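Student: Whole structure, please, built from the sequences with the hints as guidance.
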Amino acid sequence: MSFLELKNITKRYGPLTAVGDVSLSVEKGEFVSLLGPSGCGKTTTLQMIAGFVEPSAGTIRLDGRDITRAKANSRGLGIVFQSYALFPHMTVFDNVSFGLEMQRVPKGERKPRVEEALSLVHLSPYAKRYPRELSGGQRQRVALARALVIRPPVLLLDEPLSNLDAKLREAMQFELREIQRKVGTTTVMVTHDQAEAFSISDRVVVMEAGRITQIDQPYRIYEHPETEFISRFVGKTNLLPGKVATATGAGATVSLAGIAVPVENAGLSVGETVTLCIRPEKLHLTAPSNGLLTGRVADRFFLGSQWLYHIDGPLGTIMVVTPNDGSTPAEQGAPVGLEWSPSVVRVHRGAMAEAPDVALEVTG
Amino acid sequence: MTRNGPVALIFHTLVVIFMLAPLAIVCLVAFTPENTLSLPTKGFSLRWFQAVFHHPDFVQSFWNSLWLAVLSATLAVALAVPASLAITRWEFPGRGFLNALFLSPLIIPHLVLGVAMLRLFAVVGATGSFGWLVAAHMVIVTPYVMRLLIAAISGFDRSVEQAAFSLGASEATVFRRVTLPMILPGVTGGWLIAFINSFDELTMSIFITSPSTVTLPVRMYMYATESIDPMMAAVSALIIGITAVAVLLLDRVYGLDRILVGQH
Chain A
1 MSFLELKNIT KRYGPLTAVG DVSLSVEKGE FVSLLGPSGC GKTTTLQMIA GFVEPSAGTI
61 RLDGRDITRA KANSRGLGIV FQSYALFPHM TVFDNVSFGL EMQRVPKGER KPRVEEALSL
121 VHLSPYAKRY PRELSGGQRQ RVALARALVI RPPVLLLDEP LSNLDAKLRE AMQFELREIQ
181 RKVGTTTVMV THDQAEAFSI SDRVVVMEAG RITQIDQPYR IYEHPETEFI SRFVGKTNLL
241 PGKVATATGA GATVSLAGIA VPVENAGLSV GETVTLCIRP EKLHLTAPSN GLLTGRVADR
301 FFLGSQWLYH IDGPLGTIMV VTPNDGSTPA EQGAPVGLEW SPSVVRVHRG AMAEAPDVAL
361 EVTG
Chain B
1 MTRNGPVALI FHTLVVIFML APLAIVCLVA FTPENTLSLP TKGFSLRWFQ AVFHHPDFVQ
61 SFWNSLWLAV LSATLAVALA VPASLAITRW EFPGRGFLNA LFLSPLIIPH LVLGVAMLRL
121 FAVVGATGSF GWLVAAHMVI VTPYVMRLLI AAISGFDRSV EQAAFSLGAS EATVFRRVTL
181 PMILPGVTGG WLIAFINSFD ELTMSIFITS PSTVTLPVRM YMYATESIDP MMAAVSALII
241 GITAVAVLLL DRVYGLDRIL VGQH
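Which chain is which? The protein sequence lines are A and B, in order. Per full-length UniProt numbering, the very first residue in the first sequence carries number 1; after that it's consecutive. Per full-length UniProt numbering, the very first residue in the second sequence carries number 1; after that it's consecutive.
Watch out, some of these pointers could steer you wrong.
[To be verified] Here are the computed distance ranges between Cβ atoms for each label pair:
| hint | chain 1 | residue 1 | chain 2 | residue 2 | range |
| --- | --- | --- | --- | --- | --- |
| 1 | B | 254 | A | 129 | 13 to 21 Å |
| 2 | A | 104 | B | 111 | 37 to 45 Å |
| 3 | A | 129 | B | 251 | 21 to 29 Å |
| 4 | A | 116 | B | 251 | 35 to 43 Å |
| 5 | B | 91 | A | 255 | 53 to 61 Å |
| 6 | B | 8 | A | 116 | 55 to 63 Å |
None of these hints come from the bench; they were simulated from the model. These numbers come from a predicted model, not from an experiment. Where is the CB? At the ideal position from N, CA and C, for every residue including glycine.
Tutor: Now the structure itself:
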């Protein structure tokens, strides 16, 4: 039995199913992220764990105890809200101390524990300040200290970093993970930012339209997305529709607009409609005659450590990302060849869905 | 922030002068030693202030008004806090109606309310009752309190309460330790506006005060219909002074911007 277990959790609002049949097991000390676009039900799921929303069906167990209908104030979970939700009329010290006070921790014991929590988030000198006198990052740390000081069995983070600017967000990501490792608290984080989810989670739960579509380690999700939606949502990807031309033993070829592309055979049958999914960084630029495909550089973007190319060819525009190794990049308009190894091509069965807006919205 | 041009500046100055000049003149006239409201005055005297305190009916009316305003404002706040919380946060049948009902006294002329209350008091046998006078004033001041409170509660981040819950606080504790302190500027501002409105109310009160419950505005009105002398100015100056002190205190403690504009 896992530490935190969600079993067939469902939340319906009238005819609308916000969360449908979600099952998830989180081990003790694990850092799990719920990742998905807005409206996918990830926040509702978190709120059901927190006890702010009552599930329509299913059970939630914490350390073997059924807490499905338990009140939020009896669960003892630590929660960091997107808005931080600090008590504006209390000092940093009082904010952090509040939870201990509610647990009737004696006054003498409260002080050292608050101080310990504040030093964990490097805010000891700010104990006497009010939240309005702190920066966004500092408020975030207060919220974290306030949630951790009660030594919760599970820490819930609701988009904890989304209100910070890009630079600070990255720094806080690593710090968050470091603190989580140090205290060892089981953590569930909700985020729409895949970079955030990937960089600090042990496992990522991808949600789509109220359902879980994949639970896996970040690396596995990126390399082996189980659905086309995930491959679009997670990082950049090239999606190419085609038909299986040959399938023999371990290998197969897929015909894309008349060009045969070798792929690994995963029980494909000849004539089947498939969508190939190739990550831009798995493609390499070569001389025009050498590659599996030829094309022309339509556009190129300098990203600092990388170059992003848009290559126009017989299959439409293909994105290619190459590391900036210091050599001269391909010129705009120059003819180039594209090559890749068959093992990097992911094959999704069925035709391509018409919803590329997600891919445009979220970039890697 | 855009700066004002010279025309706008002159206009604003004139508006401020227009608003403040009568008050300033009343205060000046209050110190006249003469028997008429004359300006410029020849000397300086406190005789009209002394005269006020030698009129026991005025002193009595002042206390009537003060108690009336304190009670009606406090009761209105006590009623409006739960009412505004319910109206702002919960969907329930009759919510819109309740909201309109609480705000309706704003659009009913006080004259009409006065006549209606007069009839009501006669019917229930409450003529001359101070308690019923308080109730009537509550009707008038509650909408103001509701308006400020609803504004304060609408801008309230509910996750702050959720945070308190998650830390183990009971609902009563959350209200006492988190919700109430956070809407306190709205509560205080509402109370202040209610107090001022009640203290100032004349039109309705004329109909429903009895000799023992006559309020200060009614007393002044009755006095002024008979004779205008500088004692009226002295009473006015006293009221202006008390109000100014109250507002200054409030600004010191909470900041008027926060209370009346709802800025945090």
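Student: Each hint: holds or not?
Tutor: Evaluated hints:
Between residue 254(B) and residue 129(A), the C-beta spacing of about 20 Å keeps the proposed range 13 to 21 Å intact. Take residue 104(A) and residue 111(B): their Cβ atoms lie about 58 Å apart, and the range 37 to 45 Å is violated. Between residue 129(A) and residue 251(B), the C-beta spacing of about 24 Å keeps the proposed range 21 to 29 Å intact. Between residue 116(A) and residue 251(B) the CB atoms are about 40 Å apart, so this pair conforms to the stated range of 35 to 43 Å.
The beta-carbon spacing between residue 91(B) and residue 255(A), approximately 57 Å, falls within the hinted interval of 53 to 61 Å. Evaluation of the 55 to 63 Å hint for residue 8(B) and residue 116(A) yields a pass: the beta carbon distance comes to about 57 Å.
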